[in-house]
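K.L.:
Let the sequences and hints guide you as you build the complete structure.
2 protein chains.
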Amino acid sequence: MPIYNAPLRDFQFLMHDVLDMQKIDLPGYSEMDRDFTGAVLEAAGKLASDMLAPLNRVGDEQGCRLENGVVHTPDGFKDAFEAMKEGGWTALDADPEYGGQGIPYLLGIATSEIFTAANMAFAMYQGLTHGAYSAIHTHGTDEQKNTYLPKMVSCDWTGTMNLTEPHCGTDLGLLRTKAEPQDDGSYLITGQKIFISSGDHDMAENVIHLVLAKAPGGGEGTKGISLFIVPKFLVKEDGSLGDRNGVSVGSLEEKMGIHGNATCVMNYDGARGWLLGDLHKGMRAMFTMMNEARLGVAMQGYACADAAYQNAVVYAKDRLQGRAVTGTENPSGAADPLIVHPDIRRNLMDQKSFIEGGRALVLWGAHLIDRSHAGDADAEGLISLLTPVAKGFLSDKGFESAVQAQQVFGGHGYVEEHGMSQFVRDARIAMIYEGANGVQALDLVARKLPQDGGRHMMAFIDRIKAFCQKYGDNAALADDFVAPLKAASKDLQTAAMFFMERGMKNPNDALAGSSDFLHLFGHVTLGYIWARTCLAAQHALENGGDDQEFYRTKIATGKYYMRRQLPMTTTHLARILSGAEPVMALQPDAF
Amino acid sequence: MPIYNAPLRDFQFLMHDVLDMQKIDLPGYSEMDRDFTGAVLEAAGKLASDMLAPLNRVGDEQGCRLENGVVHTPDGFKDAFEAMKEGGWTALDADPEYGGQGIPYLLGIATSEIFTAANMAFAMYQGLTHGAYSAIHTHGTDEQKNTYLPKMVSCDWTGTMNLTEPHCGTDLGLLRTKAEPQDDGSYLITGQKIFISSGDHDMAENVIHLVLAKAPGGGEGTKGISLFIVPKFLVKEDGSLGDRNGVSVGSLEEKMGIHGNATCVMNYDGARGWLLGDLHKGMRAMFTMMNEARLGVAMQGYACADAAYQNAVVYAKDRLQGRAVTGTENPSGAADPLIVHPDIRRNLMDQKSFIEGGRALVLWGAHLIDRSHAGDADAEGLISLLTPVAKGFLSDKGFESAVQAQQVFGGHGYVEEHGMSQFVRDARIAMIYEGANGVQALDLVARKLPQDGGRHMMAFIDRIKAFCQKYGDNAALADDFVAPLKAASKDLQTAAMFFMERGMKNPNDALAGSSDFLHLFGHVTLGYIWARTCLAAQHALENGGDDQEFYRTKIATGKYYMRRQLPMTTTHLARILSGAEPVMALQPDAF
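So the protein sequences, as listed, match chains X and H. Start counting the first sequence at 1; every next residue gets the next number (the UniProt record's numbering). Start counting the second sequence at 1; every next residue gets the next number (the UniProt record's numbering).
It should be emphasised that the hints constitute simulated quantities derived from the structure, not laboratory data. Predicted model only: the values in this text are computed from it and were never measured. A couple of the hints might just be wrong.
To be verified - Computed from the model, here is a short list of chain X residues facing chain H with C-beta under 8 Å:
no.	residue
1	Val-58
2	Thr-164
3	Cys-168
4	Asp-171
5	Leu-234
6	Gly-333
7	Ala-335
8	Ile-339
9	Pro-342
10	Lys-352
11	Tyr-414
12	Ser-421
13	Ile-429
14	Gly-438
15	Ser-578
16	Pro-582
We treat Cβ as the ideally placed atom computed from N, Cα and C, and that holds for glycine.
P.N.:
Spelled out as structure tokens, the structure:
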């Protein structure tokens, strides 16, 4: 059975030593002392290790079942969901006005990582609810907020997002689901939605669907789209549940992974819905939640990888196979443990340096979201730029990392018994949903890069330049961190310039390099994050606190990233500079 | 339902235009004219498309069942296996003395690719039999050959390879299966073997297991290992089947993929076996088949990727989503097909340039094996060097390529319905079995690189140098092929020198970079292969033959590889040159 231990020490280090959160003037931050965050994380970790992780394989093996229109979750999910609710975990970073605890998102996403790593398919029921909560919280009327939010904060009711239809996913302008206005101000929603995560299940009294549909008079394409609240059971004026609405589960998808989550085909047959936000402005309402939702998927990428990594480490220490080339290390055993072998060590270091770097990036991103919620426009611009990078890069690399963890097990990784296959199969979805990674790359190059005249991109590069200038003479950082970061960020700048110069004349020159740009950007961002992280570790070392070993390990892990991962920027740049010609040379018939 | 079409045109081009096989003085080669090879490949393609490909999903969904000790294969497998036998496909490249058709391995592996791409799990039943056939053919006594080979050539009896035990895979010196000599010259074999592909099934009368076990007096470690023939049913003197032997299936493994192949736990309880080859020289007997078996896995890597690619192309042309940034291309449709988008095109070009390059490498490798069987020591040295590269690089990249194909489908790739998940799950195994890719990297750096004083490595580099010298002024090749190949091969040379200089003092400096070296080597090899391939295409273009479009497409695909894939050598070299320090910096406890 796979194990999972929440990385409590790393969270505390990132929150307090790197981000120094308690000293930041943001709502709720001053109360976040080490003891408090430590207690919250430890409790989340206990629930994750004791209850959620053991259900991960169960969820994978049993999957969800649709019987007579009712979706049944795997054995044990219901009890675990109750435990989540009772522990207040669903309400952590929600608005106190609706029963939430008002904790910063920075701490909220840390607990989400813990639950996701332990059991991704399970954590998604609450994750989707949180997304729907945010949409109603931002765009709902007071009546809508009062009707839905308290129950969604407690997860007595869960939420979903209904975008995709059989013929359209990325290109939502094509969607066909119709909303007919009724005299009472409500709408009748008719159409079919697919790939609806947590679409229905037996763990909550009600499911609140947020549905994109076309109401009359909105024009063609995405301009005609509005967002509707469509509850599974209609809610009476007193808040109790009334009739079943005209929405049903058509079928459950058979998927590669996340079997414990019910991915539903949802049929809307004149279901009653209520407009959320402005008419014909549904896309905008959706997009305001995107930064948060996509950062959540970025987190899934490395969270799933972390669970896989932890098990690979256990296996690499336990499994005896071969002898160290530099001399026997386990003379009393029949062989040395796998971890003595340099190629196994490289594999583990790849994973470790990615996961810890990814965590630092996502916590920083969550902090930027906290800032932007408090009205910081620069933070909003920066996180808007970094969101496609974090989502695309961390989910691509998270999958790769899980595959590496599986590889440590050899043939034992390919059989389902050890659970390593599941981590790989689960991690795969993060590259696809919330906008496939190719769409993230397009968003980055075509929208985020030129946004506000390229201001946010320039600010990001200036930020790195300033860092490099400030620490260029720092003995601990100069050679191992500043120099490689400088070189990598120069590659990023060259690529951005190439796009700006060439992209106007031939947009394909930018688009052909978009995925490479996303990855180049991702490496530079992780390089920067690692440099900042190791600066904090260096300070802690110099201050002579406890846990010297933790800080030294942190710095060695960061160095590994700079030496062995950052050189990827050279290759990405070379590909980008080759432009559109090699990519577009063939006619479609030639494929 | 996924489609598959055998790449007949590409095979013919590689065999006749690139390798010019008919003019080569090797057994059977002179008979291989275009018409003959074309007819064979077309027939194989027809069987694959019509019968094997439609069973691929069936095999994945149903898997194999173990009932009362009997393994049942999925519906339709038995009929398809009969069709393989009746068509003579199992006998193609086997020795005519035992009922084979004596066709060169070069053509044999092409037909294997076709069957593998259509249905990998199914093709493995014959593939493993061919491996066992080769072992008996090379090391068996005349009596053993006469007893087993005719039935194995016809696949009336199939074969297996039994190496792995629960506690050892890579480190076979640890194995515990025992062989006790009997007075009649046979042995009684006792022990448990796991991960035995095609271990048992209902498609053949008998299964001939080749089993590694320890006989008394052989000493510790791998030196004490011998190889035994252990048939499921004992064979009487007249060749008919006698009693059931003491070998049984303990259980079937639940795996991530290749569900249609029965991966068995085999229990040997005093089963009767006969020594194959010399006593205590079992490892040597195994290794003589390794080049061929590993080249077969290299083939699986890109074959599975090709099937995935073909379906991604169909989807990219059919699925309407978004508009081309350079102007609408499908004005009568609601949107343009995916294939207009540069990032989709990049994705498909990555796949296409890898798959065609991989095929060219494996066919060249098969040709080298044909040469080495005819006594060519240089060819044997070269293929021995290239084998770990081909196995590791093509299986790693084949999996990546299948993941890319799946990505084209977006959410539709994650659900099982379209079969893209299966290609990914199936392709994953090739990175693990026949020596996990980390072991290939170790074999490359620690054994093959220094083999015969580094002669084969130097010969390979000289071969590329000679090519670059010869075509450095060729207008069609110089800039697009020779220049990047020169740069990449310089990286390879630098890496090899680094290992030679540093590896003696600190072997970890070489081993920490072993996987990067394997990939660097793989890119250079594919770059070289692509340059040769495009030279042949250029000649064909100049000769003004038919099919100009095919040759132009080939050259454009090759250019893509040189421009967009070959730059990876820079990154691999940078990692290698960083040495062991970053990789080995942490103590095991720090993970």
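K.L.:
Does each hint fit the structure? Answer for all of them.
P.N.:
Taking the hints in turn, this is what the structure says about them:
1. Taking 8 Å as the C-beta cut-off, the interface hint given for Val-58(X) is violated, the closest approach to chain H being about 14 Å.
2. With 8 Å as the threshold, the beta carbon of Thr-164(X) comes within range of chain H, its nearest partner Cβ sitting at about 6 Å, so the hint holds.
3. Interface restraint check for Cys-168(X): the shortest CB-CB distance to chain H comes to about 7 Å, inside 8 Å, so the restraint holds.
4. Against a cut-off of 8 Å between C-beta atoms, the interface hint on Asp-171(X) holds, since the closest Cβ of chain H lies about 4 Å away.
5. Against a cut-off of 8 Å between C-beta atoms, the interface hint on Leu-234(X) is violated, since the closest Cβ of chain H lies about 30 Å away.
6. Because the closest C-beta pair between Gly-333(X) and chain H is about 10 Å apart, greater than 8 Å, the hint is violated.
7. This hint holds: Ala-335(X) has a C-beta 5 Å from the nearest C-beta of chain H, less than the 8 Å allowed.
8. Look at Ile-339(X): its Cβ gets to within about 5 Å of chain H, closer than 8 Å, so that hint holds up.
9. Contact between Pro-342(X) and chain H, as hinted, is supported at the beta carbon level, the nearest pair being about 4 Å apart and thus within 8 Å.
10. Interface restraint check for Lys-352(X): the shortest CB-CB distance to chain H comes to about 7 Å, inside 8 Å, so the restraint holds.
11. Taking 8 Å as the C-beta contact cut-off toward chain H, the hint placing Tyr-414(X) at the interface holds, the least distance being around 5 Å.
12. The interface hint given for Ser-421(X) holds, since its Cβ lies 4 Å from the closest Cβ of chain H, which is under the 8 Å cut-off.
13. At about 6 Å, the closest approach between the beta carbon of Ile-429(X) and any beta carbon in chain H falls short of 8 Å, and the interface hint on this residue holds.
14. The beta carbon of Gly-438(X) comes within 4 Å of a beta carbon in chain H, closer than 8 Å, and the hint placing it at the interface holds.
15. At its closest, the beta carbon of Ser-578(X) sits 4 Å from a beta carbon of chain H; the interface hint therefore holds under the 8 Å criterion.
16. The beta carbon of Pro-582(X) is positioned within 8 Å of a beta carbon in chain H (closest approach about 4 Å), and the interface hint is therefore held.
Hints 1, 5, 6 from the list above are not met by this structure, while the remaining hints are.
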